[in-house]
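Next come the chains, spelled out residue by residue.
2 protein chains.
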Amino acid sequence: MNDLLQTIEPVTLMGPGPSCVHSSVLDALAKPTLGHLDPDFIRIMDAIKQQLKTLLHTRNALTLPISGTGSAGMECSFVNLIEKNDPVLILINGVFGMRMQDVATRLGADVDTLEFDWGTPVIVDVVQKQLSKKTYKLVAVVHAETSTGVMNPVSGIGSLLKNKETLFLVDAVTSFGGTDIFMDDWGIDVLYSGTQKCLSCPPGLSPVSFSRAAVDVIEARKTKVPNWYLDLSLIMNYWEGATRAYHHTAPVNMLYGLYQALCLILEEGETRVFERHMKTHLQLVRELDHLGIRMHVDAACRLPMLNAVCIPDGVDDADVRTRLLKQYKIEIGAGLGPLAGKIWRIGLMGHTARPENVEKLIQALKAVLPPLRDR
Amino acid sequence: MNDLLQTIEPVTLMGPGPSCVHSSVLDALAKPTLGHLDPDFIRIMDAIKQQLKTLLHTRNALTLPISGTGSAGMECSFVNLIEKNDPVLILINGVFGMRMQDVATRLGADVDTLEFDWGTPVIVDVVQKQLSKKTYKLVAVVHAETSTGVMNPVSGIGSLLKNKETLFLVDAVTSFGGTDIFMDDWGIDVLYSGTQKCLSCPPGLSPVSFSRAAVDVIEARKTKVPNWYLDLSLIMNYWEGATRAYHHTAPVNMLYGLYQALCLILEEGETRVFERHMKTHLQLVRELDHLGIRMHVDAACRLPMLNAVCIPDGVDDADVRTRLLKQYKIEIGAGLGPLAGKIWRIGLMGHTARPENVEKLIQALKAVLPPLRDR
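Each protein sequence line maps, in turn, to chains A and B.
Take 1 as the starting number for the first sequence in my numbering and just add one per residue.
Take 376 as the starting number for the second sequence in my numbering and just add one per residue.
Keep in mind that the hints were calculated from the coordinates and are not lab data.
Treat the numbers as computed from the prediction; the structure is a model and nothing was measured.
One or more hints might be untrue.
[Claimed, not checked] Examples of chain B residues lying across from chain A (beta carbon under 7 Å, computed):
no.: 1; residue: V386
no.: 2; residue: P393
no.: 3; residue: Y613
[Claimed, not checked] Which stretches of chain B does chain A cover? Using the computed rule of at least three CB atoms under 8 Å from a CB of chain A, they are:
no.: 4; region: 443–449
no.: 5; region: 620–634
no.: 6; region: 715–729
[As the list claims (entries may be wrong)] Quick look at which bits of chain A chain B covers, simulated, 3 or more residues with Cβ under 8 Å:
no.: 7; region: 18–31
no.: 8; region: 49–61
no.: 9; region: 279–292
Note that CB positions come from ideal geometry on N, CA and C, so glycine has one too.
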C-alpha cells in the first residue's frame, strides 16, 4: 500500500463528523466486493432496510440508504417532493436550515422561512402562528443543528402538522443514532440522515425514510423528478420487490460498513447507546466547567452529541485545534458562518461517545490552553 | 462481525461492474477514518487529483471524484452545464446513451438525438452532417457502451468539434483505466467515470474532469445549478485552494480506496494495463469461439473490457448465470433492455483482466453449458 495510506495514524474524531469508527466496521468495508445484484448482497440490503426501520421506529416501506452523503439525502428529499412554486416553510436556526433553504430555492419552490437566533431552538408557538396564516406543502426543520449545538423540538412541530396535508421533513443527520427518534409517532413524513455522525460509519451514505403520504405526493407529481440519480421512483425498484431493476451500481462495500455499524447499535441496545451519549455529554460539560469553559447553548436544548463550546477570550482558535490534532491526535471542529472563531464544536457521536475520550480531550486541553481567567 | 458479512465468499466479478478488487484496495478502505479537513487527508485528495489528471492526459484543474457513483457523475456533468432550453445533441447506441437523454431532458434541455443500431458504433459522418445543420451547446457520447460492448469513436467525434463553441461530453465510466483516453488531445471538455469498472475500486465514486471552456460555461450561467449537492462551483472550493471550504463531508474511506487503486495502475503502467486488457479479451474471444459462442459486436469496435456474447440457442440465460455464481463463484452480466436474454456481458475490467480468470470462466462454462450445436 502506498505511503500516504500506510502512515495514517488513528485520530480521535471529536469534531462534527466523521466520528470514530469501530474496528469491526472498518473490517466490514474490506470484505470482498459482491455484485450489486448478487443474492447474498441483496440479503444485506434487506437487512439494512429492516435495521433502519427498527431504529427510526417507522413502518415506512420506503426506508433505505441513498448513495451519497447526508447532503445527498437532503437533496433527495426536496427534489422528489418539490415541484415549481410549491409553498414550503423552512425553520432556520443554523447553517443546515439555511442549506435547506438554498436547496429548495434552487428547485423552484416558493420558500418562506422562520428564523430563530443561532444557539436557540425553534419556537413551536411561532411556527403554529405561521401555519395558521398559510398552507404549506411541506415544513422542514433540522433536528440536531450541527452548526450551533441546538436540539429543535421536532415532536412539538410534528404535533402541529398531524391530520394536515402538509408534509413534515426532518434533517436527522446528526441526531440519528444518538438520541430518540420516533418517526411515525412524531408525525415525520420524510427524514434523511448521514452515516458519519452517531451511526459511526465512514461518510458516504444517507439513510432516508418516506411515509406513505410522502410516496403519494411523489406518485402524484405532474413533472418528472429533475434529478435522475436521486429519483426515488427508480431507486425503489432496485431496493424493493422480486425484480431488483438495476438503477445505479450500489456502493457495495460502504453498505457492508453501514450494516455492521447498525448491528453494533442494535446489539448494544438503543437505550444504552443514548444513555452513553448523554452521560459522556454531561461529563464533558462538567469537566469543561472546571476549566472555566462555558457552553454556547442553554442546558435545556443542548445536543448531547455535538457540544458548542465558547472559545475562551484570548485563545487562538486555529492554534488550539492544530495543536490538539498534531500533538494529541484529537480532532475538534471549528465554528461555521457567524460562529466561526467564537465556538468549538466537540462531537461525542456514536463510537466517540466514551468517557475515556472525554478524559483524553480534557487532559489535552489542559496542556494546550493558556491559563484561563475566571476559573 | 455479523454473520451476513462473515460468510461473504469472494466472487470472481466478470460482469459489467463491479470488477474484482485488489486486496491492497480493500485494505485501504479499512484504514482509520480521518476528518475531511485533516491535512493528512487533504494530501490524499491532492494526490488523487494529480493521479486522475495523469491518467486522463489532461491539464484540467477541475478534475476530482464526485461523492456518488458513475451515474452521479453523469448527473453532475449535465446539471452544471445545462440551463433550460439549451440545445444538446446526444448520440445513442445503448442504455447509457438513453440514460443521458433522460438526464438532460429532465433538466429542461432541448435534446436532439442521433440513434445508431445497438451493437454498432456511432458513425462520425452522420454526426458531422447533423452538426452542419444546427449549432449545439453540447454534444454527448458514451465512450464504452456497457450495455452492448461497443467502443464509440470518441477522438473522431472530438475532431468535428475542435475550434467550435460546442462542448464535448464523454461518458468514460467503463473505458477509463482499460483503454486509451487522451482528454485534451481528443478535445473532450467534460468527462465522467466510475470507480467500479477498470479502476477496480468498489463502487461509490465518480471521477470527473472539466476543461477551462466548460468551467467558463458554468461561471457564465444565468441560473444557479438546480442541484446543491452536485454544484461544482461549491465543490471546487473544497477540493482546491488554501481555504478548503466545507461543502459536504467527503467519503473519506472510499477515497483511500480510489487512491490505492490509482496507485496500482500507475505502478503497473498504463501501457501494460491496457495490453493486459486487450490480451485477456483476445484470449476470451478465442476460447469462446472454441466453444462455439459468437460475439455480439464486430471485431473492429469491440470493447476489450466488456464482452457482449450471444447466448447460444436453447441455453437458459438465467440458469447459466445462477449456476456460474452458485457453483463456481463467477459473476457474469445479463443483457439490458432489448438485449435481455440475447447476450451475456462478460467483464474483463481492471484487476479482473487476468488470463487465469478467463481460463476459470471457460472451464466453468464447459461444465455448465449443454453440448452446443455447430461448434
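To see whether the hints hold, each was checked on the structure:
no., hint, verdict
1, V386, "6 Å, holds"
2, P393, "5 Å, holds"
3, Y613, "12 Å, violated"
4, 443–449, "holds (count 6)"
5, 620–634, "holds (count 12)"
6, 715–729, "violated (count 0)"
7, 18–31, "holds (count 10)"
8, 49–61, "violated (count 0)"
9, 279–292, "violated (count 0)"
Hint compliance for this structure: hints 3, 6, 8 and 9 are broken, all remaining hints hold.
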